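Chain residues, written in single-letter form:
2 protein chains.
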Amino acid sequence: MEYTRFMADRVKTMKGSAIREMFKRMADPEIISLAGGNPASELFPGEELSKIAGKVLMTSPTLALQYGTTDGYPKMKECARSRAQKVNSVGENDEILIVTGANQGIDLSAKAILNKGDKIVVESPSFIGSLNAFRTYEAQLVGVKIEDDGMSMEELEKVLKADPGIKVIYTIPTFQNPTGTTMSAEKRKRMLELASKYDVLIIEDNPYGDLRFSGEDVPTLKSLDTEDRVIYVGSFSKILSPGMRLGYVVAPAPIAEKIEMLKQVNDVHTPMLTQLMCVEFMKKYDIDAYIAKNRELYGKKCAKMVESMEKYFPAGKVKWVVPEGGIFLWCECPTITDIAPVVNRCLEKKVAIVPGSNFAIDINAPSNMFRLNYSSATLEKLEEGIKRLGEVLTEML
Amino acid sequence: MEYTRFMADRVKTMKGSAIREMFKRMADPEIISLAGGNPASELFPGEELSKIAGKVLMTSPTLALQYGTTDGYPKMKECARSRAQKVNSVGENDEILIVTGANQGIDLSAKAILNKGDKIVVESPSFIGSLNAFRTYEAQLVGVKIEDDGMSMEELEKVLKADPGIKVIYTIPTFQNPTGTTMSAEKRKRMLELASKYDVLIIEDNPYGDLRFSGEDVPTLKSLDTEDRVIYVGSFSKILSPGMRLGYVVAPAPIAEKIEMLKQVNDVHTPMLTQLMCVEFMKKYDIDAYIAKNRELYGKKCAKMVESMEKYFPAGKVKWVVPEGGIFLWCECPTITDIAPVVNRCLEKKVAIVPGSNFAIDINAPSNMFRLNYSSATLEKLEEGIKRLGEVLTEML
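Chains as they are written, first to last, in my numbering: chain A, 1 to 397; chain B, 1 to 397.
Careful: at least some of the hints might be erroneous.
Where chains are identical, the list cannot tell them apart; a pair therefore holds if satisfied intra-copy or between any two copies.
[Stated by the list, open to error] List time: in silico EDC-like cross-link candidates among lysine to aspartate or glutamate, alpha-carbon distance up to 16 Å:
#: 1; residue 1: K167; residue 2: D199
#: 2; residue 1: K317; residue 2: E391
#: 3; residue 1: K167; residue 2: D9
#: 4; residue 1: K12; residue 2: E257
No lab work stands behind these hints, which were simulated from the structure alone. Given the structure is predicted, the values throughout are model-derived calculations rather than measurements.
With the rest of the complex left out, here is chain A (with noise of 0.2 Å):
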């Protein structure tokens, strides 16, 4: 059979990602991945998990196994809102909705806004899993540079005045995927005068902002936002497990509400047992102290690897910034153009690194820059791999 005729023109040209099918040559137990956005597994709480779960199934068993509301467990909505309101990211005119991972909160915001042929802003280069998700809806991706302290601020008022019809700009500004950069204060300030001034929402994605390791913290785009154009997208996917897909959206009461009804035909409601086992989490133990442990992890890691670089990477070849938190460092070779050859070469080494094209607005045009994730691999592990794709670039560059 051919089913070109049914497929819809959102999917016919679509690609998966490339980093997945990256993931699926990795089953070679020999390759150090630095290519992933996992968090540490070292630290998960899998006992405390154990029994929070053991308990919760054995004395409420219908709460655990039956449906639930598309909104989320009430329970869970406080937990939630608990973790907005230390970054004082709640509004008195918002609603909390709990949702199936943050991926989820992008991806619905996007479909209550977005018609097919609108333009979205988003800092260029982003999350793949964040640009796809608008591609489904048929938007128009304009992309705007990042600079070492977030978006281009000019850059953004030259796009949204040559563009009135634009409703919306994309961005994670604290330690960006994949660059690692956190947007400063007086841009965020900026920005949120820009969206004022020329009228449009602002999705913030905040999904790496407890994991900071260095570095003073910056306020969140929603903590300064007067105007309710905010919508903020938060995770407990790299303070707790990822695996348990658990996210909040904070919006304004009448895009909740869309946000809400498309949830309830996208999945219903986010699972049960999880969002109880989460409530239990944050009752019986100090998920800020938890939070510390990986923050600490982190900033060894990431002293690892940029140590490692500074050791195994050719000398003036790789320009990199050195992040303050999060999970990324991104790195460019200015004297090639296309990072391609130098990513193959790597996977024969046992080493994997995403190329930089994964994150484009064009996917198709070359770039001379990569992605390193320093959360998921062991110290020893990362100065490996490090060493591997040091002497590929050795060679290549």
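Chain B: place on chain A using the hints.
Same frame as chain A, now just chain B:
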């Protein structure tokens, strides 16, 4: 702030499910609900799942808490495959995907197929969750009336003939929601013939197929499909737990691949813990024995509901067909045109039912029908609920 300008067309006129609104009014514990679609919670294997969850998190914390793959945990895919194979519903050209509840499978199948303005044939009436999912892709719903033995094949052919642009038929052939009817084997064969003749796909939604308590099994459409036209959506919600949100899609590879990409940007993957729990449950226990207990209970509950209806409903004023399985019973009141006042009076009398308009293509047209659910309430509450309903019907018909 005024948000109308930011809303996508798809959500502008979208209304929340009236059933959900009713649920909010139903916080009153004195109300007996015959309105929902909840499976019986009295049989939930809470103790078994408690032990399983505790053990899985203790022995495999990384697997349970780290990111998983979009298509599903491999052993969970095998579990889904075994359920589908039991009804001969996996072909050699098919792929299996695990989804976060069957609703996600339907939503993303529609997203892969439907462009704005595309027409999709649905049973009239049909499940509001699916109809609303199709509406979010701005598809046009073409209703085909449902008869005691399933969708009218004459009307289906008329519709397909009239519009060569139709791409897909959505059907719940077994114990349909809301009517409880089952499509005959003859009609299933005819539907496949028509699908072939007019070159359309079929989405077969089969959440209730395991819940037969009388009559003879009818083969699934998927099992009769020799041309790989059927996308089969299965669920663990009615045979294990809806709160776990586990469903699966069996689809020809080219379509499954697109659905998988859409799932990746929707919620990345289905939570790992619930997948692992389902795998262990099916390994350690006989899920068919568990389903058999449910079937027996639902047969008893249905019989109790019908017996109570015969006792308390005004004679000759309400028509219904006794279902052979599933969880719903559909009633028509030929002497009135609009059931809405009855539904409201019922809430005053502390019993909840769902008006037929909720399941209609045109939700604003009045309906003289209503849906009853017999799986959720206890036998005592079922009789008391029908007694209260009977009093209202006697008063108002």
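Status of the hints after comparison with the structure:
1. When the C-alpha separation of K167 and D199 is checked against a cutoff of 16 Å, the pair qualifies only within one copy, where the shortest distance is 8 Å, while the shortest distance between copies is 39 Å.
2. Proximity of K317 and E391 under a CA criterion of 16 Å is satisfied intra-copy only: 13 Å inside one chain copy versus 84 Å between copies.
3. For the identical chains of this complex, K167 and D9 are inter-copy neighbours only, at 13 Å across copies versus 22 Å inside a copy, given an alpha-carbon limit of 16 Å.
4. For a Cα distance limit of 16 Å, the shortest separation of K12 from E257 across copies, 11 Å, qualifies, whereas the shortest one inside one copy, 31 Å, does not.
Figure legend: structure checked against the earlier numbered hints; every hint is met.
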